[in-house]
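Participant: Based on the provided sequences and hints, a complete structural model is requested.
Residue numbers (my numbering), protein chains in the order written: chain H, 1 to 292; chain B, 1 to 269.
No lab work stands behind these hints: they were computed from the structure.
Just so you know, not all the hints are guaranteed correct.
Partial selection, computed: residues in chain H whose CB lies under 8 Å from chain B [what the hints assert, rightly or not]:
1. Trp47
2. Asp92
3. Val96
4. Gly185
5. Arg191
6. Thr192
7. Gly194
8. Leu195
9. Gln203
10. Val204
11. Ile205
12. Pro207
13. Pro286
14. Tyr288
Using N, Cα and C, we set each Cβ at its ideal position, and we do this for glycine too.
Residues per chain are reported as follows:
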Amino acid sequence: MSTLLEGRLGRRMAPGRRARAAGTAVAGDRRGGSDSTSRLAAHLAPWAVPVLLLALWQALSRFGLISERVLPAPLDVARAGWDLAKDGRLLDNVLVSAQRAALGFLLGGAVGFALGMLNGTSAWCARLLDSSVQMGRNVPHLALIPLVILWFGIGEAGKVFLVAIGVAFPIYVNTFHGVRNVDAGLIEMSRTYGLSTWARFRQVILPGALPSILVGVRYALGIMWLTLIVAETIAAQQGIGYITMNAREFLQTDVLVFGIVIYALLGKLADALARGLERVLLAWHPSYAKGA
Amino acid sequence: MGETERGVAVQAENVAKGFGQRGVLRGLDLTIGAGEFVAIVGRSGCGKSTLLRLLAGLETPEHGRLRVGEQAPRAGNGAVRMMFQDARLLPWKRVIDNVALGLPSERRGEAAWALAEVGLAERAGEWPAVLSGGQRQRVALARALVTRPRLLLLDEPLGALDALTRIEMQGLIERVWREHGFTALLVTHDVEEAVAVADRVVVVAGGRVDLDVRVALGRPRHRGDARFGAVEEAVLGRVLGHRAATEGSGVGERPPGERPTEPALARVG
Numbered sequence: 001m002s003t004l005l006e007g008r009l010g011r012r013m014a015p016g017r018r019a020r021a022a023g024t025a026v027a028g029d030r031r032g033g034s035d036s037t038s039r040l041a042a043h044l045a046p047w048a049v050p051v052l053l054l055a056l057w058q059a060l061s062r063f064g065l066i067s068e069r070v071l072p073a074p075l076d077v078a079r080a081g082w083d084l085a086k087d088g089r090l091l092d093n094v095l096v097s098a099q100r101a102a103l104g105f106l107l108g109g110a111v112g113f114a115l116g117m118l119n120g121t122s123a124w125c126a127r128l129l130d131s132s133v134q135m136g137r138n139v140p141h142l143a144l145i146p147l148v149i150l151w152f153g154i155g156e157a158g159k160v161f162l163v164a165i166g167v168a169f170p171i172y173v174n175t176f177h178g179v180r181n182v183d184a185g186l187i188e189m190s191r192t193y194g195l196s197t198w199a200r201f202r203q204v205i206l207p208g209a210l211p212s213i214l215v216g217v218r219y220a221l222g223i224m225w226l227t228l229i230v231a232e233t234i235a236a237q238q239g240i241g242y243i244t245m246n247a248r249e250f251l252q253t254d255v256l257v258f259g260i261v262i263y264a265l266l267g268k269l270a271d272a273l274a275r276g277l278e279r280v281l282l283a284w285h286p287s288y289a290k291g292a
Numbered sequence: 001m002g003e004t005e006r007g008v009a010v011q012a013e014n015v016a017k018g019f020g021q022r023g024v025l026r027g028l029d030l031t032i033g034a035g036e037f038v039a040i041v042g043r044s045g046c047g048k049s050t051l052l053r054l055l056a057g058l059e060t061p062e063h064g065r066l067r068v069g070e071q072a073p074r075a076g077n078g079a080v081r082m083m084f085q086d087a088r089l090l091p092w093k094r095v096i097d098n099v100a101l102g103l104p105s106e107r108r109g110e111a112a113w114a115l116a117e118v119g120l121a122e123r124a125g126e127w128p129a130v131l132s133g134g135q136r137q138r139v140a141l142a143r144a145l146v147t148r149p150r151l152l153l154l155d156e157p158l159g160a161l162d163a164l165t166r167i168e169m170q171g172l173i174e175r176v177w178r179e180h181g182f183t184a185l186l187v188t189h190d191v192e193e194a195v196a197v198a199d200r201v202v203v204v205a206g207g208r209v210d211l212d213v214r215v216a217l218g219r220p221r222h223r224g225d226a227r228f229g230a231v232e233e234a235v236l237g238r239v240l241g242h243r244a245a246t247e248g249s250g251v252g253e254r255p256p257g258e259r260p261t262e263p264a265l266a267r268v269g
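Facilitator: Right, here's the structure in full:
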């Protein structure tokens, strides 16, 4: 067993070493190299365009074709980020923002999930509540900001509230839709097999609705960041939004751009978490199982 | 024999059930002995599946009386199990957990036994999605067997399978029926299938029992056999003969003289 493994590893290692000797992996690939180099190239391919754009941006700034007031050079942005990270301000503010996001997501998600389950399983509840929820859904939640500031002031509660409102609707819609679309044949089967209401919910309805619910989760994560950015830039004394607004006042474009990069990274992180959740929870699903 | 005691008798008296304006069953009478294997054949929409759903407790009759043993049908009765045309396995449960569905946790070990019964012991850890249609139906059969039912309702469970798999499955169902001695009620549109596995073949037309014959052939049955062919021919003729009656008035009343006599069959009742 171990010799077999070593043999496979050895074979896999060899072309990589050859590629490194030739300079870069890309060079190795161009020579029409073996399996592993082309696999490496496939992994690197998505990064090619961003790296190229960054290099172009750096070059244009360097030669003075882009004014520093308009857009600072990537290296300046990195330096501003490093300065923020060094004295701990970055971590503190990221944590504050992440806390607001998580709290709002949990509260709004719980409400959306509960309502979606209720309306999905009971036609009577759906008739009573769904049209009202749909009405609420069509109000852009960011339009509530002035009202929220009146209600909560500029403290934490208002931001968490806004995130919760924004998150609740996509979770609600997708949970409702997911429950409604659980195969009726499976529900009927679970009746003939004597499953209790709770067992039917846990073993049939919830897993059946899960693919749709997770779509809602990914969508809600996007809304969560969007809402937080807006809320933080309007009224906050801490958080990434506060950093960027502060930077605007002092014309620190490099810090401002760095704040935007942080938002992008946090968004990407949340999306990766949601994908990981899908891979684990939907391992049975043929179209998600490829990774497993 | 101890085996036949495992089965439960089934009785339907003057049962009527309609959907909207359309009456599907109109005063159906049928008695099935404990441990008997009865096949119901008939055209689409003749009410044969409705009868099964009534016995499973998934529908309630408008008129008449239904009995499974001493009790009225009730969904979730552990003594009654149903197989559907599609396997209806939970795709998010492994094969073994599908078989153990509804079993109390202390009896979960029996799922492996049931899976071995249908010859799929080695697929216990797979997701249902990777199984073939025939294998899925075998898992569904194991799931039905695991609680050792006294009545097994089969709602065209082989209708979607290819011809060879279907013959294999018929053999499997016949084998477990003989081993376990439950009462079996098979709804099918395939007359050959009905004659191959059942003790009795019942033709339902116009919402009533139109023909009820005992298949007086030994087991295992051979499809090439002349007597097998004769029985099949007679039942098929009866099913086809009612095209005018079922499509015309919609009410299944026929002149009594229409009943043919089939020498190869022994009429019941």
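Participant: Which of the numbered hints are not met once you compare them with the structure shown?
Facilitator: 1, 2, 3, 11 and 14
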